[in-house]
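Novice: Based on these hints, arrange chain L on the given structure of chain G.
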Amino acid sequence: MQSKWTVWASFLLPVLLLGVLLIWFWHSTGGLRFEAPAPIEAVSYERVVFLPSSGTVPERIVAYIRNVGPGPVTIAHVQVRWFSRASWDFSIVPSPTIPRLGTVQVTIPYPWTEGEPYEIVLFSSNGIPFVHEVAIATATPQWSARSFGQFAMLGIYVGVLPVFLGILWLPFLRQLGQRAYGFLLSLTIGLLVFIGVDALADALEQAEHLPGPYQGVAVIVIGVAVSLLGLYALSRAIEARQQARGEEMSMTIAYLVAIGIGIHNLGEGLAIGGAYALGEVATGALLIIGFMIHNLTEGVAIVAPIVRSEFGTGRWRHLIWLGMLAGLPTILGTSMGAFAPSPLLAVLFISIGAGAVFQVVLEIAAQMRREHGLAFAQPANVSGFLLGLAVMYATGLFITV
Amino acid sequence: MRINIDNKSALRREFLWKGILGLGVLTAVVAVALFRWGGAHAGVRAALEVAQDTAPRFAHHRPPTKGSETYQYAYPARRLPAEAVYDPTPPPPTPRNRHVHEYELVITEDVVHEVAPGVHMPAWAFNGKVPGPVLRGREGDLMRIKLINRGKLPHTIHFHGIHPAEMDGVFELVPPGGEFTYEFVARPYGVFPYHCHSMPTNQHIHNGLYGMMIIDPREDRPPMRELAMVMSAFDLDRDGEADFYAWNGKAFQYADHPIELTVGEKVRMYVMNIFEEPMAPHIHGNMFHLIRSGTSLKPQELTDVLTLGIAERAILEFQYDSPGPYMFQCHLTEHMELGLMGWFQVKPKAERAARSASQAHTTTGAGN
Chain G
1 MQSKWTVWAS
11 FLLPVLLLGV
21 LLIWFWHSTG
31 GLRFEAPAPI
41 EAVSYERVVF
51 LPSSGTVPER
61 IVAYIRNVGP
71 GPVTIAHVQV
81 RWFSRASWDF
91 SIVPSPTIPR
101 LGTVQVTIPY
111 PWTEGEPYEI
121 VLFSSNGIPF
131 VHEVAIATAT
141 PQWSARSFGQ
151 FAMLGIYVGV
161 LPVFLGILWL
171 PFLRQLGQRA
181 YGFLLSLTIG
191 LLVFIGVDAL
201 ADALEQAEHL
211 PGPYQGVAVI
221 VIGVAVSLLG
231 LYALSRAIEA
241 RQQARGEEMS
251 MTIAYLVAIG
261 IGIHNLGEGL
271 AIGGAYALGE
281 VATGALLIIG
291 FMIHNLTEGV
301 AIVAPIVRSE
311 FGTGRWRHLI
321 WLGMLAGLPT
331 ILGTSMGAFA
341 PSPLLAVLFI
351 SIGAGAVFQV
361 VLEIAAQMRR
371 EHGLAFAQPA
381 NVSGFLLGLA
391 VMYATGLFIT
401 V
Chain L
402 MRINIDNKSA
412 LRREFLWKGI
422 LGLGVLTAVV
432 AVALFRWGGA
442 HAGVRAALEV
452 AQDTAPRFAH
462 HRPPTKGSET
472 YQYAYPARRL
482 PAEAVYDPTP
492 PPPTPRNRHV
502 HEYELVITED
512 VVHEVAPGVH
522 MPAWAFNGKV
532 PGPVLRGREG
542 DLMRIKLINR
552 GKLPHTIHFH
562 GIHPAEMDGV
572 FELVPPGGEF
582 TYEFVARPYG
592 VFPYHCHSMP
602 TNQHIHNGLY
612 GMMIIDPRED
622 RPPMRELAMV
632 MSAFDLDRDG
642 EADFYAWNGK
652 AFQYADHPIE
662 LTVGEKVRMY
672 VMNIFEEPMA
682 PHIHGNMFHL
692 IRSGTSLKPQ
702 ELTDVLTLGI
712 AERAILEFQY
722 DSPGPYMFQC
732 HLTEHMELGL
742 MGWFQVKPKA
752 ERAARSASQA
762 HTTTGAGN
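In the order they appear, the protein sequences are chains G and L. Under the numbering used here, residue 401 is the last one in the first sequence; the count climbs by one each step, no gaps. Under the numbering used here, residue 769 is the last one in the second sequence; the count climbs by one each step, no gaps.
Derived from the structure by calculation, the hints contain no laboratory data. Positions of the beta carbon are idealized from the N, C-alpha and C atoms, including for glycine. Don't take each hint at face value.
[To be verified] Which bits of chain G does chain L cover? Going by a derived footprint, with three or more residues having C-beta under 8 Å, they are:
no.: 1; stretch: 81 to 87
no.: 2; stretch: 118 to 126
[Claimed, not checked] Now the in silico label distances, taken between C-beta atoms and shown as ranges:
no.: 3; chain 1: L; residue 1: H732; chain 2: G; residue 2: A218; range: 46 to 54 Å
no.: 4; chain 1: G; residue 1: S91; chain 2: L; residue 2: L703; range: 43 to 51 Å
no.: 5; chain 1: G; residue 1: A218; chain 2: L; residue 2: V571; range: 49 to 57 Å
no.: 6; chain 1: G; residue 1: A38; chain 2: L; residue 2: G665; range: 47 to 55 Å
no.: 7; chain 1: L; residue 1: E580; chain 2: G; residue 2: I136; range: 55 to 63 Å
no.: 8; chain 1: G; residue 1: A38; chain 2: L; residue 2: G641; range: 15 to 23 Å
no.: 9; chain 1: G; residue 1: W26; chain 2: L; residue 2: E584; range: 55 to 63 Å
no.: 10; chain 1: G; residue 1: W26; chain 2: L; residue 2: P493; range: 54 to 62 Å
no.: 11; chain 1: G; residue 1: A135; chain 2: L; residue 2: G641; range: 19 to 27 Å
no.: 12; chain 1: G; residue 1: W26; chain 2: L; residue 2: T509; range: 33 to 41 Å
no.: 13; chain 1: L; residue 1: R588; chain 2: G; residue 2: E114; range: 56 to 64 Å
no.: 14; chain 1: L; residue 1: T704; chain 2: G; residue 2: A38; range: 42 to 50 Å
no.: 15; chain 1: G; residue 1: A38; chain 2: L; residue 2: P624; range: 43 to 51 Å
no.: 16; chain 1: L; residue 1: T602; chain 2: G; residue 2: S147; range: 51 to 59 Å
[What the hints assert, rightly or not] The following residues of chain G were derived to be distant from chain L, with all beta-carbon distances above 12 Å:
no.: 17; residue: E114
no.: 18; residue: Y181
no.: 19; residue: E205
no.: 20; residue: A340
One chain only, chain G, in its complex shape (with noise of 0.2 Å):
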């Protein structure tokens, strides 16, 4: 009894000193005199909304503002630049006064015109400017069944068209001998570290423009590590499982697959709905295109664990699963980085889609070895990998935006 209390009292002494400390330090600061030189503020522009004019209501710009800095922030002012700057009039809700971490959204009733560049600048009240720069003006798309059915029929074009194409590959695949088994499964697991580090690429760029508090770095490798462990542990259980009922283990690493790649899509749908929802893309239907062709692999991929197992009838559904595990979240992916842009949420979800990705990859090998008796240090299969490596980077050419 008497050690069950001290136990505790041993964890709670250091917690209740640093208590006090803290108390103390706050009261007191401590004897430490640190005083910034200038105020120092910092806001993000976490989406900006142009909106045209509706009957006696004028054009509007939206922009929705979080203060990412160490203080809260007062807005003063407020101008637009097009050539050049001009004050114009806003208005703020809730309060011009944001509290740290608190967003609020400023409307300023410019009458933009569709293709300009437009340039947003906020003042705070100790005269410092957050400036926001949108290339090419374009009314932001508003939710309405329509313009859902548009950004569901991109996700389908650019997501679930291509993976059941790939899949379709399947009958093509079984007639293939055991050599070139391996270099198509080599090919795959190319095709994916290339589809993850381009992820991995992607996320750190975009975790650059993340603001401060949301240390961007720091939610890549929270996103990576519960995809990969994630995956990892899902996979042993299932396999030990299946090993318990001497089933066969290849339809599971398909799925495995999809899974890894529907997150992937996720991410990948985020990215495309939300450039076209800013106007960013250029050559719409070139990187439609382009897209097509990139996920087209990732169908073959989906596959590939399973182009030797024995096929009844029915396992032929499972084909129809693997690809709208695959492809459907793309439709989610464009239609909420059209009307619900989140760039945290984008980094979080291209990082656990790497993470899922590199998991599979691993998991592919490991079949590779387990159940073919492939070695993977083969001319054929080191050939598959970088043609796989090969054919990503040729297509990926398409989709630079």
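Specialist: Using the frame of chain G, we list chain L on its own:
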């Protein structure tokens, strides 16, 4: 010619008939004219009504006007209060028998300058104001200007005009806590800038250490309502691009608080450009007589826009013939839209008498 009674009455009848006919024609002509005028007027009215109909949607294509719902540039309750407006009225011409004109200018470096409604910047200032006070003297008289430096950096005052080298305010730095009295004979008459010339001069000037000096000729110019307007700009983030432009230091202050004039009132406006870009002062609905640099008694030109190069200045003389709001602006659109615009609210003559009865000297806003 003999005219008998009958003839006379016949003549009278004829005259009567012709008269009636003539009146009828005249009435018809007037009626048609009135109708057409009325129609045209109705057309104008209809056009105005259309403008009214579309007003809410297009409201933000209009310039800011005080009191209207579409007043721009100042978030509700964030307008410049009247007491914060810089008084555009210069001190009156000095008496001709004074001969010595003494001023005291105190430099401080911790002035919080409200450059636009609600937007504050740290400034360095003469007597706590940006721009500094208008100094006034008379040609041939002695100017005695005492500089008191209450800042942490050495400062000077450099006056434009003719004076000895040691009064030029370039080499003789006044240290923090120090004092120096500049003495020189004011010449020639005209409008001159004064500003700190301590290095780095860009920082010392554009943090706010500048002002206008008016030297009157020996014989006074004709008395007029006088306005002194310093055109300058403020680069808050020091990126080489000004964020606000202003008449007398505060963006949009005379849009928020228009300067009241009266129909027929003669106005003399002293203007000066102290920023590093050309400025193009322009008054609406009017022309002004231009006296470049203020160094002449006779205007050189009648125009409505003038390009002031860097540190150039001029006298503009004008009067308004009809009441209403008239904009005065810099014709560089960015300067205008970032604060270099204001309004003359021109009142009918009847209101002038009432106003001069209530106040001896008409000014806009409160004390400087």
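Novice: For each hint, tell me whether it holds in the structure or not.
Specialist: Cross-check of the supplied hints:
Look at the stretch 81 to 87 of chain G against chain L: 4 of its residues bring a Cβ nearer than 8 Å to a Cβ of that chain, three or more, so the hint holds. A count of 5 residues in the stretch 118 to 126 of chain G with a Cβ less than 8 Å from any Cβ of chain L is obtained; the coverage claim is therefore met, three being the minimum. Taking the beta carbon of each, H732(L) and A218(G) are about 53 Å apart, inside 46 to 54 Å as hinted. The supplied range of 43 to 51 Å is met by S91(G) and L703(L), whose beta-carbon atoms lie about 44 Å from each other.
Under the hint 49 to 57 Å, the C-beta atoms of A218(G) and V571(L), about 56 Å apart, fit the expected range. Here the CB-CB span from A38(G) to G665(L) is close to 51 Å, well matched to the stated 47 to 55 Å. At roughly 59 Å, the beta carbons of E580(L) and I136(G) sit within the given window of 55 to 63 Å. With their beta carbons about 18 Å apart, A38(G) and G641(L) fall inside the hinted range of 15 to 23 Å.
One distance hint, 55 to 63 Å for the beta-carbon pair W26(G) and E584(L), holds here, with the actual separation near 57 Å. In this structure the hint that W26(G) and P493(L) lie 54 to 62 Å apart at CB holds, the actual value being about 58 Å. Between A135(G) and G641(L) the beta carbons are some 22 Å apart, a value that agrees with the proposed interval 19 to 27 Å. Separation of W26(G) from T509(L) is about 34 Å and conforms to the stated range, judged on CB atoms against 33 to 41 Å.
Checked against the hint of 56 to 64 Å, the C-beta distance between R588(L) and E114(G) comes to roughly 60 Å, which is consistent with it. For the pair T704(L) and A38(G), the beta carbons lie near 44 Å from each other, so the given range of 42 to 50 Å is met. Roughly 48 Å separates the CB atoms of A38(G) and P624(L), a value that falls within the hinted 43 to 51 Å. For the hinted restraint 51 to 59 Å between T602(L) and S147(G), the CB-CB distance of approximately 57 Å keeps it satisfied.
The Cβ of E114(G) lies farther than 12 Å from every Cβ of chain L, with a closest approach of about 17 Å, so its non-interface assignment holds. Once the 12 Å rule is applied to beta carbons, Y181(G) is consistent with being away from chain L; the minimum gap is 61 Å. Interface exclusion of E205(G) from chain L stands, the closest Cβ pair being 25 Å apart, more than 12 Å. Interface exclusion of A340(G) from chain L stands, the closest Cβ pair being 28 Å apart, more than 12 Å.
The structure is consistent with each of the numbered hints, conforming to all of them.
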